[in-house]
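*Asks:* Each chain, written out:
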Amino acid sequence: MASSPKTPHPEGQTPPHGPGHHHHVISDSMLKRTFGILVALTVLTVVLAVLERGWGDFFGFYFEAPQIHFGPFSIVVALGIAGAKAYFVAANFMGLREPGNATNRLVLVGSTLFLVIFFSITYLDVAFRDTFFELSAVDIDVLAEQDAQAAEIQTVIQDRFDAEAVVEEADPALFGRTLPADTTAAPAN
Amino acid sequence: MASTTPTLTVDDPHAEVGHHGGDGHHDEHMLMGYDGTMKPSRLQHHFVSSEQQFDSAKLGMWLFLATEILLFGALFVAYGIFRVLYPEVFQEASAQLDTMLGAVNTLVLLLSSLSMAWAIRAAQMDNRKLLVQMLVVTIVLASGFLVVKYFEYTDKFAKGIYPGYNFELAEGTPTVSELSGVVALTPQVAIPPSHGGEESAPPDGAPPVVGAAEAPPASATEDKRASPIFENRRAGLFFSIYYVMTGIHALHILIGIIAIGILAWKANKGAYTSVWYTPVENVGLYWHVVDIIWIFVFPLMYLI
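Chains as they are written, first to last, in this note's numbering: chain A, 199 to 387; chain B, 498 to 801.
Next comes chain A alone, as it looks inside the complex (with noise of 0.2 Å):
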């Protein structure tokens, strides 16, 4: 029985079969192009680094280089390059760009997707501690004028906290007979 490619399958999607499809082999030229992209981002990375610290140490030599601060922008820069690495290396290397990987894409995207909201929110988290003084639904100039309030109290009544004896000395004819363990009132005869 001849095949028909148009015939469509019973049992649900499929690319489209038949003598026209075939497996892709991978390119080496493109294999080779993508492996130098990578070198050269590495070897951009490390002498951003270098630049940032302002000096280097290839293999014993020591050397000085010109510094420049990148400030908060290093950690970014630095984590952008490590990230275009990983998407060449994806991309090409994994063959993720080959028609039929759309869901190891997805599977690629999403848990990295994962990653990323797990690490900002708990950066947000972390990076925020002792920052705020107080964390509650009263307006903080309520607060702040409720602690003056207790403040001026506090200086007016100052001197009644001094604290005035209420128990006094126990009187040992209170029940007619003498307290025990009373040493006092036990002299030797």
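Hints were generated in silico from the structure; no laboratory data involved.
Some clues are possibly wrong.
Said to hold, decoys possible - DSSO-like, lysine-lysine: derived pairs with alpha carbons at most 30 Å apart:
| hint | chain 1 | residue 1 | chain 2 | residue 2 |
| --- | --- | --- | --- | --- |
| 1 | A | Lys230 | B | Lys721 |
| 2 | B | Lys536 | B | Lys555 |
| 3 | B | Lys626 | A | Lys230 |
| 4 | B | Lys656 | B | Lys721 |
| 5 | B | Lys555 | A | Lys230 |
Note that the coordinates shown come from a computational prediction; the quantities given were computed from them, not determined experimentally.
Go by the hints and put chain B onto chain A.
*Replies:* Relative to the frame of chain A, chain B by itself:
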């Protein structure tokens, strides 16, 4: 029938039934390979086509790789948390790591990814000799990575750099466990060592005073330990994360070496053809993820 254009053909469920081989391959489903000869497809009965079987295996591997990303992701988040809390500890400590060795390791792994991808290309083109050669090259490069790691670790052990509370602090430096009071999440400022060799007892509950015990002069180990990181009582924090991350990564490299070794041995016996090379593809995917993880470990540990 050899086709004139050397391409892979995918079996069509509506095609003529047949494609069964002779010469010991009776009742086995055969497909035309890259080099034009018929090869066993190893198609399982529960799959519709060889392509579907291959794609299913790949998806399974990708799902496992997602868990690997989550595993190392958790370690990266731990790194991030402690870096945010103690930035100066991290900056001082990362100066103890050799940037150039790390860069060499990065290039070695990138090269190994290239050779692995080339091995897959060789399998797709029915080039058995090249496939085995590329797998062996990958193993050699990966072992080179482990050798460099060995030198890095032994160099650190010689300086007394161990993870966590095993980190050998300089004499007189108060440890974290000697802290009194709640100092848990406050950033700690490293006090530079006082030169002149004064002995001072740390007062109770006060910020850490560096006890600058006079080090024996011209001692090789003490020269290596000249950095202020050795007086920083939280130094073990950075190195815990460093050893665990690079250690688990090195373990993954070792597992990869074993897997690729098995592949090379089987490939040498002719187990992989352009019609069926799924294990090569899947181990290749694993290897590239190990490389990607190192691509992120390198800047975070060595460069910043």
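*Asks:* If you test the structure against every hint from before, which numbers come out violated?
*Replies:* Violated: hint 1 alone.
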